[in-house]
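Visitor: Here are the chains, one letter per residue:
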Amino acid sequence: MRLDLILRVGAKLILPFILLFALYVQFHGDYGPGGGFQAGVISAGMVILYAIIFGIRAAKQVAPPRVVEMMVPGGVLIYAGTGAYTMLLGGNFLEYTPLAHDFLHAHEWGIFSVEIGVLVTVCGTMIAMFYAFAERGRS
Amino acid sequence: MILANKAVENAADHAVAAAAANPPGITKLTENAELFVMMVLLTLLAAITLAIIRQRNMFGVVILAGIYSFLMASVMIILDAVDVAMTEASVGAGISTVVLLATLHLTQSIEYPQRRSVLIPFFISVVVGAALVWGTSGLPAFGAKTAPIHGHVAPTFIQYSADHKMPPNIVTAVLADFRGFDTLGEVTVVFTAGIGVLLLLQGGWRVTGNGRRSEDDDEQQGMDSSGGTA
Amino acid sequence: MKEAILEFAQHYNYFITIFLMISGLFIVIARGNLIKKLIGLSLFQTSVYLLYLTPAKIHNGTAPIYDYAYDTYSNPLPHVLMLTAIVVGVATLALGLALVVRIKEAYGTIEEDEIFSKDPEAE
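So the sequence lines, in the order shown, correspond to chains R, E and L.
Sequential numbering from 1 applies to the first sequence in the working numbering.
Sequential numbering from 140 applies to the second sequence in the working numbering.
Sequential numbering from 370 applies to the third sequence in the working numbering.
Each hint should be verified, as a subset may be incorrect.
[Stated by the list, open to error] With a Cα cut of at most 27 Å, we get these calculated DSS-like pairs of lysine-lysine:
#1 L:Lys487 <-> L:Lys473
#2 E:Lys284 <-> L:Lys473
#3 L:Lys473 <-> L:Lys406
#4 R:Lys60 <-> R:Lys12
#5 E:Lys167 <-> E:Lys284
#6 L:Lys371 <-> E:Lys167
No lab work stands behind these hints: they were computed from the structure.
As the structure is a prediction and not an experimental result, all values here were calculated from the model.
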């Protein structure tokens with residue numbers, strides 16, 4: 001509809017790779033640089049890029065505001081829930097050793113779960129902030 | 140048990156590989172090259188900072204802040220802080236630039252000339268800076284292995300990864316495991332700040348207008364709902 | 370002479386850190402534009418990243434990702450602290466900017482002097 005065809009096609013080409021990179025950063029964080037904070041910001045950056053190029057209404061169909069707002073406290077709950085679960089298993093708060101029989105495996109599970117919580121909160125917060133600022137400009 | 144075998148195997152390879160990674164002749168050269176690249180990048184950082192101070196067009200300031208973040212990420216790479224560099228490149232140059240630009244769109248993009256004198260702030264800054272420079276004389280030299288920071292908990296963290304008790308990325312292990320409670324606090328801070336932004340910008344108490352948050356369905360006639368708040 | 374230059378080069382990180390720090394301080398004190406103040410605050414914050422990460426580095430060390438081929442790693446603890454500080458920093462920056470947006474809507478300006486002149490109680 002406007003002269004930003006190259007931008008639109010180019011963005012559509014790179015958007016899935018940004019998401020893939022975010023997932024790589026998230027799940028490869030144990031072995032290379034990365035983790036929940038970076039992956040959350042990168043995946044939020046994907047939604048923000050989509051919103052900038054295709055409009056905020058299209059972005060809201062990809063990431064509905066209700067879901068995004070639930071992600072903000074949801075990640076903290078996942079994180080704290082991991083701690084509560086380890087307490088139920090008989091350990092201390094956020095002591096991952098009871099999660100599995102092998103020390104390394106237990107701690108990898110714990111780190112995995114905690115990083116998911118970080119990802120959800122950071123991603124949700126960044127997208128929610130962007131929506132808040134962008135909507136303020138429209139109304 | 141496979142892990143234990145692997146550890147023994149690794150220990151055998153260890154000495155040979157370490158010697159191959161750091162041949163003694165090259166060390167001095169890489170040390171100086173690192174120092175030189177670092178000094179160049181840091182000088183560029185200082186130049187960008189001066190430009191940020193002098194620039195009155197806020198759009199220019201935001202773009203300069205983005206350049207600053209990328210330079211800072213490069214410096215962090217040289218400081219071997221790859222996780223931090225990745226975070227700084229995506230957060231500092233990505234998200235914060237977007238948020239700053241959104242704010243400029245909502246406010247104004249020109250900074251008015253100052254009526255007040257800058258002499259007193261300049262004096263305060265110079266005095267604080269001089270005191271801090273005087274304090275640096277007691278700090279350890281850059282890259283010194285004998286610095287006190289390396290003596291306390293860091294060897295334990297590294298040993299845990301070396302013994303295959305923790306994932307290889309020591310930063311992730313410390314972030315999510317050794318200092319998991321700390322990170323829970325940080326996540327809570329991010330959560331609190333996010334809730335604060337949502338309350339401030341989408342809350343139901345606008346200055347003027349009909350005072351409710353905009354949803355998708357009222358965006359069609361949303362233009363008259365709370366325009367012209369100023 | 371050569372020792373003096375080497376000494377200067379080895380403490381150059383700290384000098385630049387201090388320069389960035391006092392630049393941020395100067396912007397926060399001297400500039401009246403609220404967005405500029407927030408950028409100054411984040412400059413100050415970035416200088417703190419540098420202050421933490423500089424001593425963590427060891428010459429000929431490598432990034433703190435364990436591999437049996439290396440035995441010298443930079444200190445991971447400052448990295449962890451600064452990693453979380455960056456994300457928390459952008460969250461609080463956005464909170465400050467949201468406050469700036471509200472101030473703009475209430476006062477029509479984001480220059481400190483004009484806000485004070487419109488707000489007689491603040492004088």
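Visitor: For each hint, tell me whether it holds in the structure or not.
Guide: We went through each hint and held it up to the structure:
1. L:Lys487 <-> L:Lys473: Since the Cα atoms of L:Lys487 and L:Lys473 sit roughly 12 Å apart, the hinted pair holds (cutoff 27 Å).
2. E:Lys284 <-> L:Lys473: violated (51 Å)
3. L:Lys473 <-> L:Lys406: holds (15 Å)
4. R:Lys60 <-> R:Lys12: holds (16 Å)
5. E:Lys167 <-> E:Lys284: holds (14 Å)
6. L:Lys371 <-> E:Lys167: holds (16 Å)
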